[in-house]
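Asks: Here the sequence shown is numbered in this note's numbering, starting from 183 and rising by one per residue.
Please keep in mind that the hints were generated in silico from the structure rather than gathered at the bench.
Quantities reported herein were computed from a predicted structural model and do not represent experimental measurements.
Ideal placement from N, C-alpha and C gives every residue a C-beta, glycine not left out.
Check each hint, because a few of them may be wrong.
[To be verified] Pair by pair, the computed Cβ-Cβ distance ranges are:
#1 Gly189 <-> Arg236: 15 to 23 Å
#2 Gly189 <-> Arg224: 17 to 25 Å
#3 Arg235 <-> Asn191: 22 to 30 Å
#4 Tyr230 <-> Lys190: 16 to 24 Å
#5 Arg236 <-> Arg192: 29 to 37 Å
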Amino acid sequence: MARPKAGKNRVIVTLECTEARGLGKPPSRYTTMKNKKNNPKRIELKKYNPFLRRHTLHRETK
């Protein structure tokens, strides 16, 4: 994936499902960009998990 032409503060991050591993399913992952200056902490978003067929909490991974 080519890096878009964005500022130095923008980074590509991966969001991974927090509920799937506990249930023995493969975790769903999404990639997105965040601005490190505006969001220094890890992102937490509710996204759709197709393996569980519902919206679950996805957290930013390392």
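Asks: Confirm or reject each hint.
Replies: So, going through the hints one by one against the coordinates:
Hint check: Gly189 to Arg236, Cβ distance near 35 Å, so the stated range 15 to 23 Å is violated. At roughly 20 Å, the beta carbons of Gly189 and Arg224 sit within the given window of 17 to 25 Å. For the hinted restraint 22 to 30 Å between Arg235 and Asn191, the CB-CB distance of approximately 36 Å leaves it violated. In this structure the supplied range 16 to 24 Å is violated for Tyr230 paired with Lys190, their Cβ-Cβ distance being about 31 Å.
Our hint of 29 to 37 Å for Arg236 and Arg192 holds, since their Cβ atoms are close to 30 Å apart.
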